[in-house]
Every structure is written in C-alpha cells, then in structure tokens.
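Q: The primary structure of each chain is shown beneath.
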Amino acid sequence: MNSANYQRHTLSVLVENSAGVLSQVSRLFSRKGYNIESLAVGTTDDGEVSRITIEVVCDDQQIKQIINQLRKQYSVYSVRRLPPDSSIRRELVLIKVRAESREVRNEVIQIANIFRASIIDVSTSTLTLAIIGEESKDDALERLLHEFGILELVRTGMVALERGHATISDNADNKETDEFELGKNVL
Amino acid sequence: MKMKGSQIVMECLLEQGVDTVFGYPGGTILNIYDEFELHGYKEKIRHYLTSHEQGASHAADGYARSTGKVGVCFATSGPGATNLVTGIATAYYDSSPVVFLTCNVSENVIGKDSFQEVDITGITMPITKCNYLVKDVNQLADVIREGFAIARSGRPGPVLIDIVKNVTAEEADYEYLPVSEHPNRGHLATMLRRANRDLKTPEPDQGDIDKLLALIEQSQRPMVLVGGGVIRSKGAVPEFRRFMETLGAPVGSTIMGGGACPGNHPLFTGMVGMHGSRVSNMATAECDLFIAIGCRFSDRVATDPSTFARKAKIVHIDIDRAEIDKNVRTDHHIIGDARRVLELLNEKLPKHDYSEWRAHVFSRRGTVPKPEDMFHPFEVLETIQQLTQGDAIIATDVGQHQMWACQYYHFSRPGQLLTSGGFGTMGFGLGAAMGAKVGNPDKVVVHCTGDGCFRMNCNELSTLEHYHVPVITVIFNNKTLGMVRQWQSLIYQKRYSQTDLDRGPDFVKLAQAYGLHGFRAANREEFANAFRQALALGTGCVIDCAIDIDIMVHPMVGGGTPVTDFLLD
Chain U
39 MNSANYQRHT LSVLVENSAG VLSQVSRLFS RKGYNIESLA VGTTDDGEVS RITIEVVCDD
99 QQIKQIINQL RKQYSVYSVR RLPPDSSIRR ELVLIKVRAE SREVRNEVIQ IANIFRASII
159 DVSTSTLTLA IIGEESKDDA LERLLHEFGI LELVRTGMVA LERGHATISD NADNKETDEF
219 ELGKNVL
Chain S
25 MKMKGSQIVM ECLLEQGVDT VFGYPGGTIL NIYDEFELHG YKEKIRHYLT SHEQGASHAA
85 DGYARSTGKV GVCFATSGPG ATNLVTGIAT AYYDSSPVVF LTCNVSENVI GKDSFQEVDI
145 TGITMPITKC NYLVKDVNQL ADVIREGFAI ARSGRPGPVL IDIVKNVTAE EADYEYLPVS
205 EHPNRGHLAT MLRRANRDLK TPEPDQGDID KLLALIEQSQ RPMVLVGGGV IRSKGAVPEF
265 RRFMETLGAP VGSTIMGGGA CPGNHPLFTG MVGMHGSRVS NMATAECDLF IAIGCRFSDR
325 VATDPSTFAR KAKIVHIDID RAEIDKNVRT DHHIIGDARR VLELLNEKLP KHDYSEWRAH
385 VFSRRGTVPK PEDMFHPFEV LETIQQLTQG DAIIATDVGQ HQMWACQYYH FSRPGQLLTS
445 GGFGTMGFGL GAAMGAKVGN PDKVVVHCTG DGCFRMNCNE LSTLEHYHVP VITVIFNNKT
505 LGMVRQWQSL IYQKRYSQTD LDRGPDFVKL AQAYGLHGFR AANREEFANA FRQALALGTG
565 CVIDCAIDID IMVHPMVGGG TPVTDFLLD
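Residue numbers (our numbering), protein chains in the order written: chain U, 39 to 225; chain S, 25 to 593.
Everything labelled a hint here was simulated from the structure, so no lab data went into it. Owing to the predicted nature of the structure, the values given are computational and were not obtained by experimental measurement. Keep in mind that a hint or two might mislead.
Said to hold, decoys possible - Straight-line C-alpha distance at most 30 angstroms; calculated DSS-like pairs for lysine-lysine:
hint, chain 1, residue 1, chain 2, residue 2
1, U, Lys-102, S, Lys-235
2, U, Lys-110, S, Lys-337
3, U, Lys-110, S, Lys-235
4, S, Lys-372, S, Lys-235
5, S, Lys-375, S, Lys-337
Claimed, not checked - Just the calculated beta-carbon pair ranges, DEER-fashion:
hint, chain 1, residue 1, chain 2, residue 2, range
6, U, Ser-124, S, Arg-353, 21 to 31 angstroms
7, S, Val-133, U, Arg-140, 53 to 63 angstroms
8, U, Asp-83, S, Trp-511, 55 to 65 angstroms
9, S, Ala-213, U, Leu-60, 17 to 27 angstroms
Built from N, CA and C at the ideal position, the CB exists for glycine as well.
Could you put together the complete structure from these sequences and hints?
A: As structure tokens, this is what we get:
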C-alpha cells in the first residue's frame, strides 16, 4: 500500500437504529483492515434511524471499497462521502485543567475566551472547558493548556453535514445507487 | 391462530417449501425438535440427524448447491452453534443459500455465561449475509421470512437465526402468508422501504451492455472467464452457452464456475489460475479483452493481480457492486444478475470468428502426463466419467484430489460440482455429498476425497448408512496431505514437516464397521470393478485407491506470481 496517497475522508452513514448495528459497522472496518480515526453515532430526527459519522484515513481505492462494503450491509440505509470543501465538521472537546490559583484561573479563562471555548465547571483547583470546532482549533487550545496541566480530556468524535441544500438522501449518482440495491436486493 | 414459537418455526419452514432439514438436537432447541413428534411435522419435513453439527452444515450447503433451493440446518446453543461455524463460512465464501437455525439459552439467563451459552450472532457476523437474535415471539415469523428472502436473493449466502429458548415456548398469533407476500410484512417491508426507491430488481444498464458490445467489436483476441455467479444465477447457464458459442472465444473457468461450460466443449480451456491449464493461463496473458462473468478474481485465480490479463481490457460482470475493483482493477463493469446481463448481450451480439486466435490458444493443449507404471488419479476420474456417462454429481474435499477432479472430470451442468472453492474446507465433501444425494435421489453422487480430508469428517458414514443414502466415496489415498506436501516439495526443499499420514485406519474396514461396503483399488481395472460394484449395490461405499505419494497436481503457479510463471508444467 502506498501511504503517500492517504487522506482523511468523512463518511456519513444512515443505519437502522437497533442492537448490533454499530458493532456490525465497526467490525467491518477492523476485519477489512481499515483504521477508524473517529466515529460518532446518534439518532436522527427519525427515531428508527441513526447516523454514524466516520473519519478514516486511506487512499481513493480503499474508500471506494469501504463504501461498497458498507452499502452491502442490510442495516445500512445510505452512505455518503462528504466532500471536504463543502462540508462542515465539528467536534466537542471537554478539557479539565489544573487551576489552583486565581492567577492561573484568570489566565485559562482568557485563553478560553480567545478560543470561544466555554467554562462549564469550576472548582477550587480545576476548570473544565468545552470547545466546539475542527481539529486545528481544538489542537491549538489543547497545546496552550498543556502548560497548566490537563487532568482529563474527552472528544465526541467528529460530526459533519454538507453545506447548503445537499443532504444524505440526495442521489448524486442514480446508477451507482441502483447497483447497490441490486447487490442486496431481496425480491 | 395462536401457536407456540416452536410450531411457528415449523410453519414458516413449510411456507418456504422446506421438506428437508439437517441438524443435531440439544437442550435449548428441544421445543423445536419436539414439534416433529408433538404435532407430527416429521411427516412433512424430513430431518436428517448427522453425527456432528459440522456434517449437518455441509449437508445443508451441499443440498442448496445441488438443488438451487435454500438449505436448512438446525443446531442447539453453545458448542452446537460453534460447530456450525466452519460450515457457515464455507457457504458464505461460495455464496450458497443456507438458513442456519440455532437456539440460545432463555432470555433470563442470557449474558450470564450460562451452560451452553455463546454469542453466536456475534461470532458469525462476518460470515453471514445477515444474522438475527430473536427475543420476541411476535417477531419470529417475520424474521424467518426475512432470513429466507435474504439467503436466496441477490448474491445468495448463509443467514443465521438464533432464537432464545423461551421464545420457542411462548405463544403468538401466526397466520399463513405466501412467500410472495413476505416483502410486505414486518421488518423486511421496512427495510425495503428505506433502502429502495423501487422494489423491483433493477435492470443492468443498457449503456454498459452496449459498451461491452463495442469492446467486443474492437477486440481481436477475446477471452471469457466464467465463475460461480453463473452457476448461482437461475437460468443463466443456457444464456451463457448461447453467449459463448456466438462469441466463439476461448472460455476459461474458475473452480466455482465448473459446469457452466461443458468440460469437453471445444472452446473450453479449463481452469484459470494457480492450477489453471497452460492453455487458459497463456490465453489470459495474451488476450486483448478479458470478460469475467460472476467471479471475484480471488488470489487463486488472479495469483498476481497487477499482472493479471495485463494486455487486456478487463470487463467484470457481477451482481455484487462491492466485487468491482476489489482485487483486480477493471476497465469496464456491468452490474446485474448474470442471466439478465447475458440475455441482453445475446440480443445484440453478432456471431464472431476468432479461429486464428483460437487455433493459437489451443495449440498449447497438451496431453495428460501419465507415468507408465503408476496408478494415476486421471485414470480414476476418467473411469468415473465413463461409468456414470459424465452425469454424476461430484462432491470434493480440498487439496490435490479436488484439483484432479476439477481438471479431469467433465462437468456439464450447474450444481454438478460441489466443492469448497473459496474457504477451502477440508472435510466438506462427505456432508455435501450426503446433502446432494438427498436432494437429487436419481443422480449418482460421488464423493472424491483424500485420506487427510476423509479422516476429518468420516463420522458421517453412519448417517449415510442409517438413512440409506448411497454416496460413493472415492479416496485418493496417498498417505500424505498431498497438496501441502506438494508445496513442501517445490518450495520447502522437501522438508515434509507433519504431512505424512502413515497411519490408520484401514478405510475398507472402517466402511465395514459403519455397515457399508469397502473396496480397495491399486490400478485402473481394480478401480473400475469396484466402482461398477458400488453402482450396482446402491448403498454407501468407500473405495480406497492407492495413489503414489509423490504425484503432483500439474500445472502449478506459485502464489503471488503471474499466472504464466509455472512452477510445474
């Protein structure tokens, strides 16, 4: 494999909201040898449908295979590769920082303000920040906070939507969609 | 009508027209087995009790492959279910439609590491098309209907339905529903609604068909490769033969495509790949258009994907979009059911004449190498061919004998060759042969095996004897794991590590111990005599053929190298 052509791809996947589906999707990645960079899942406006956002680093050939394999799963309703230049991606990060003195607290709060992060918890010895953004912003904040001592950090995983009118239900390529329906057709 | 889950299972099988089940009972599946007696379902569904769940899984698979119907296999929880795993994977790799029905412990003890509890849906997730854990008796009928629909549709494959024991004892409303109505009910209806805008099978794209026809017009040296997809697609074989005869190009086959093109047809080049014929492999390398129908370019066919058919435009016809460009980069593809694609091609394909190219390709055809004073596997298969008029169903295990059977027996129809092509399961053959004979009682079924493979699952001889299933087992007994030894001879400087099988049992006595007939053959005449007797006896027989330990499968291409780099010619 030539890792030079590797790049980050964001996939949005609509799946049936039922037991075992998440493990079906994630095991598909592991058994085919693809590495998941991030995975976020939750229900959609339709309670029977969940949406999984998966970020994976691979080449063009591999991403096609991943999409093909995902679409073969019976619990997967649709898969869309989100175009990087016309998609919005966001991740929520919670960071608990050591802040035992007033000076440190003030300094952390100032940094938080600059990054538009919010302070969601304060104790006599800690501050907890929440920041929503893409990885460059999150990483920059994380680097700045390191000197104070990060006690804990948690990420939700990236979620993403396309800009404008485009939705996952659009059939960008009708022929290709038909091809998949044939692969798992049950009539 | 109110009935118990166990009875719903039986009624659902009858809805599907199931009359044959292979299986093995146990604690959690007792309620279902009780239905055979309690409500007399044994009158409508014949259950074959095997010696081992693995044998049942292969039998259901062999039944499905040889009849085109969905095979059904029962097993209990825990070890019963895990004993199916090899059989499920075998069916999955060769796209064979089998519904595996297991029961699990009751819901109140599930997840507590109870006696004979195992997460079989988790275990079989990567080797089933779809699997289910049924915890609600009200969903049971719909899940079974959905399972059958998925197993047989599109690219067929195995489905596992695991039912917790209490569901088989609880009651629910059941109404008979004809198969044609199943897609309108339950989860299947929801799934179809969400996934499809149109419920009908989409047509192959006419533009894609025309593009292939144009490629054929431009081609001087076309070559066709036929795979198992043509065997699995109902009614595809007659269309395929029309196609290949109109085209008039050389036709190679994968192991799973055996029977699509008659083995003695003048256009047939034999198998392509690791043990492909010289004719096939050289034609693959030299052709300028390579049309692959219903195959997946496995590493045993495209031994080196980057050089495979390197001078050709590769066109891939398959029902499964995920196979396109998976192993070999293709230049054009058509997605669709093989029968329909071939029909559309046949509508417009003009007659072609590639006699010069064909003469060039077939000029490489050699004769079968046969050492003068040695009992050669070729003679065994040629004798079977003659004595069965080429009509027998051949079930094989895996290894040298499998390759010999595929090379030397001339298959002439789909479902005639039953072999574990994708998964390479040693021990597949006897169960598969049993399933095939049960499903095709008027056909002669021959189980070709090696001494290593036969030893793995020969316990099913007792099943053959008990149910009077007259399978003829032919053992190519070279007292070694022949194929592994062949690799050791060619690649490991003859270090025969752990492949010698210089041990018992005496297979003739073993057959007799099971109440069957056993014969020994050390030359062509002895074999012909034994086989004639076996045919006349009409009971299960074992013929133990003494084959020299050093006979190899010719030709052979090493793994990972171009198909023209023969290690053995």
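Q: Give a verdict on every hint.
A: Hint check results:
1. U:Lys-102 <-> S:Lys-235: holds, 23 angstroms
2. U:Lys-110 <-> S:Lys-337: Judged against 30 angstroms, a Cα distance of about 27 angstroms means the pair holds.
3. U:Lys-110 <-> S:Lys-235: Since the Cα atoms of U:Lys-110 and S:Lys-235 sit roughly 26 angstroms apart, the hinted pair holds (cutoff 30 angstroms).
4. S:Lys-372 <-> S:Lys-235: OK: S:Lys-372 and S:Lys-235 at ~12 angstroms, within 30 angstroms.
5. S:Lys-375 <-> S:Lys-337: holds, 21 angstroms
6. U:Ser-124 <-> S:Arg-353: 21 to 31 angstroms: holds, 29 angstroms
7. S:Val-133 <-> U:Arg-140: 53 to 63 angstroms: holds, 58 angstroms
8. U:Asp-83 <-> S:Trp-511: 55 to 65 angstroms: holds, 58 angstroms
9. S:Ala-213 <-> U:Leu-60: 17 to 27 angstroms: Holds, at about 24 angstroms.
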